[in-house]
Amino acid sequence: MRLDHLSYAAGPDGYRATVERLSALLGADFVDGGVHPRFGTVNHILPLENDRYIEVVDVLDHPASDKAPFGQAVRARKQLGGGWLGWVVAVRDMERMEKRLGRDAVPGNRHRPDGQNITWRQIGVKGLMADPQLPFFIHWDDLGQHPSVGGKGLKLTALEIAGDPTRVTDWIGHPADHLLDDLDVAWVGPNGQPGLNAAVFQTPNGIVRL
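Each residue of the sequence shown is one higher than the one before, counting from 1 in UniProt numbering.
These aren't lab readings, by the way, just hints derived from the structure by calculation.
The model shown is predicted, which means the values in this text are computed figures rather than measured ones.
Every residue gets a Cβ at the ideal spot worked out from N, C-alpha and C, and that includes glycine.
If a hint is listed, it holds; no wrong ones were tucked in.
The following label-pair restraints were derived from C-beta to C-beta distances:
id: 1; residue 1: PRO204; residue 2: GLU95; range: 36 to 44 Å
id: 2; residue 1: ARG16; residue 2: GLY173; range: 34 to 42 Å
id: 3; residue 1: GLY14; residue 2: GLY150; range: 23 to 31 Å
Derived DSBU-like pairs (lysine-lysine); straight-line CA-CA distance at most 35 Å:
id: 4; residue 1: LYS67; residue 2: LYS99
id: 5; residue 1: LYS126; residue 2: LYS155
id: 6; residue 1: LYS155; residue 2: LYS99
id: 7; residue 1: LYS126; residue 2: LYS67
id: 8; residue 1: LYS126; residue 2: LYS152
With the hints as constraints, model all of the structure from the sequences given.
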């Protein structure tokens, strides 16, 4: 179990404007990740060191985005102005997580512009929607196609999460601080809206906080 990626929802001006803004801040270009046909979403990816990445996600005008929880979550965040949607944890044993949460994982796939079809299973998006401090979980079918491949010169160094690490530990079944022990993590008071408030990166432009 490890931190896999961070998901950032495009603002009302769309993913192109969001990608351009974040690329300028981070000093690196995002890659077109393609369409998630099951979720009615599209993403752009920026590989990071330590087998992690950032994705900028946007919702499409497609029926799947109204039915799939992930599409619903992206749409809701976009309507709030965009920004950090959440953090995602990779698990090796998805069956164990299914038993823990009492539901089945859903298959996901993404058609890259180069013709590759990337596949995975995910679970827990409804938990994220109900309580945005909580991560959801992913299991990649082929780690050789992981979106972090090629990540150099960009490193996630810190997170600020509005929430309670005890609540997150109960959700993931693993100490939250241990899961993020290579990062500086600040758990800020959950009196306001819970969720991922900020992330700090070491970049070609220096230290950048988003």
